[in-house]
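Protein chains: 2
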Amino acid sequence: MVLTDPRIAIVGSGALGCFYGGKLLNSGLDVHFLMRNDLEHVNRAGLRIESNLNGNLALSDLSIHGDTQDIGPCDLVIIALKATDNEALKVLIPPLLKENTALLTLQNGLGNEEYLAGLFGEQRVMGGLCFVCLNRISPGVIRHIAEGRVAVGEFSGSPGPRTYDVELLFQRAGISCKVSQCLMTERWRKLVWNIPFNGLAIASEGLDTGAILSDRHLRARACSLMREVIEIARCCGHELPLSLVDEQVVLTEGMGAYRPSSVIDYAKGNEVEVEAIWGKALRMGIEAGAEVALLGALYDEICASVGSRKCKSG
Amino acid sequence: MVLTDPRIAIVGSGALGCFYGGKLLNSGLDVHFLMRNDLEHVNRAGLRIESNLNGNLALSDLSIHGDTQDIGPCDLVIIALKATDNEALKVLIPPLLKENTALLTLQNGLGNEEYLAGLFGEQRVMGGLCFVCLNRISPGVIRHIAEGRVAVGEFSGSPGPRTYDVELLFQRAGISCKVSQCLMTERWRKLVWNIPFNGLAIASEGLDTGAILSDRHLRARACSLMREVIEIARCCGHELPLSLVDEQVVLTEGMGAYRPSSVIDYAKGNEVEVEAIWGKALRMGIEAGAEVALLGALYDEICASVGSRKCKSG
Chain S
-16 MVLTDPRIAI VGSGALGCFY GGKLLNSGLD VHFLMRNDLE HVNRAGLRIE
34 SNLNGNLALS DLSIHGDTQD IGPCDLVIIA LKATDNEALK VLIPPLLKEN
84 TALLTLQNGL GNEEYLAGLF GEQRVMGGLC FVCLNRISPG VIRHIAEGRV
134 AVGEFSGSPG PRTYDVELLF QRAGISCKVS QCLMTERWRK LVWNIPFNGL
184 AIASEGLDTG AILSDRHLRA RACSLMREVI EIARCCGHEL PLSLVDEQVV
234 LTEGMGAYRP SSVIDYAKGN EVEVEAIWGK ALRMGIEAGA EVALLGALYD
284 EICASVGSRK CKSG
Chain D
-16 MVLTDPRIAI VGSGALGCFY GGKLLNSGLD VHFLMRNDLE HVNRAGLRIE
34 SNLNGNLALS DLSIHGDTQD IGPCDLVIIA LKATDNEALK VLIPPLLKEN
84 TALLTLQNGL GNEEYLAGLF GEQRVMGGLC FVCLNRISPG VIRHIAEGRV
134 AVGEFSGSPG PRTYDVELLF QRAGISCKVS QCLMTERWRK LVWNIPFNGL
184 AIASEGLDTG AILSDRHLRA RACSLMREVI EIARCCGHEL PLSLVDEQVV
234 LTEGMGAYRP SSVIDYAKGN EVEVEAIWGK ALRMGIEAGA EVALLGALYD
284 EICASVGSRK CKSG
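Protein chains in written order, with the numbering used here: chain S, -16 to 297; chain D, -16 to 297.
Hints may contain errors.
Copies of the same chain look alike in the list, so a pair counts if it fits in one copy or across any two.
Straight-line C-alpha distance at most 35 Å; calculated DSBU-like pairs for lysine-lysine [said to hold, decoys possible]: (1) Lys81 / Lys251; (2) Lys73 / Lys161; (3) Lys173 / Lys263.
Since the hints were made in silico from the structure, they are not lab data.
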């Protein structure tokens, strides 16, 4: 192993960061959280993961910090910040780096690996796709709604020893994790879900996934969007099966009344990851000569909803 | 374009090499064939591609050679040799090389890119998967039975200008071609078909694909093998959909009484690509901890059929 007894930092301790960081910590690993809003509360009351699937998990006496300088150099940095906060990584990451520090982004959408590679060198960058449903229901309390695998891979080059080490660390923490030979195809696979469901939840002014699927018109629109995204991915060189559409509908029905994180952000007036989820995919589709009518219309609706100031003209 | 007016060599002018080389030549490109068995016949009578799908194509006055030294340096070398003849590439390729010569292997199975990379450097190596049904029915006569796309990609690193140039050259020649971001996943996608259908055709002592699907037992075995190969691929980091199984059955039914090249080789007493198609996949599956019972049994049967001298112990 190249990641023996690794020192791990979690940058961005929202639902995703707390869930995976908490699981890794619970497996006995040395995990340090960068936390902003909930820092004091979690220091006092600990972290709680509620899951009907795996049982509940309560963690106390965590190593929580408001600044990465208090964490110091790590072997593995897991980035679970919202993509709209990526600018902050310029300052947050350097104190965590030593020679072979791996940067693993678990963020949504397109462009995060490229951004990290531009700042810190592509050799450091790994990515992970989390096919999971999580919500932060109150400070320090994460609800785990639907199980999902993690696909982990290298941004440049083939999987190597550290990739398989990360897979093993996650597996030992009870997380279903698998090395992917093709990280970017997995990104597109996740967008097949995020684009329609996060998008229609915002465009419908806050409907959950169950309500979207119960509405005949929105359900049909979600399916058409999924087909269009699969075809855009194909034009960009990522072959995904059309059968994903039906599979995703069945999976999503199993989620019940799930509210994707984007719509929670939207409802709270927080910034929404418009470019990472919809904007970059749209532009890549246009560049590849794909049909993008449905994605384009959805992007316009989302931009109108969140306010044009937050959308680039692209 | 980095491949402007390219000089192209076809190394291995069997059904695959003659079909793609003939199409590229017919589109106006400068194509040179390395041919062994049929050289004199094709020099005299030309090349004929018979297709119910695209119409027939007759080509004469081709540049055909028995030695790559008579062809000389090229920009693009398309390798369509049987994988069992790979040893010959050590001698065949060097006369075709200049500084930026790209080597595009259209061969079946696993290990061909690695072999070329070991000999000539990974930067030169590209791969293509041809989802097509072709048979050489007599010297210089190729029958095109089922249309299929070509997925073309880079062995190391991401697709670049030359990858998109090859895509364009193929498309201009009337070949459905698409750059793949993940060449090795496409290799496994093709193995999902080749492993059961080429394999059961040999194990059944020569049944065609139509006959395999008409036999209740063999049809079930083909489907179980496809499911196992999809799961092996998944364990090796290549996510393929289970829906491939049904899709492949439908596509294969459309091929009629097709005899895969392996079974034609087998029937003629020629060497069969046992390691490239079955052996390497089996060993990779074992290494990845996948269930390989069905592939293992098929491999043993094929080894017994073709004679143990041609199978490595693995």
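| Same-copy or cross-copy closeness of Lys173 to Lys263 [CA-CA at most 35 Å] | both (14 Å within a copy, 31 Å between copies)
| request: State whether the alpha carbon distance between Lys81 and Lys251 is at most 35 Å within one copy, between copies, both, or neither. | output: For Lys81 and Lys251, the Cα distance exceeds 35 Å both inside one copy (37 Å) and across copies (61 Å).
| message | Please sort Lys73 with Lys161 into within, between, both or neither, judging by C-alpha distance up to 35 Å. | response | within (29 Å within a copy, 37 Å between copies)
When held up to the earlier numbered hints, the structure conflicts with hint 1 and nothing else.
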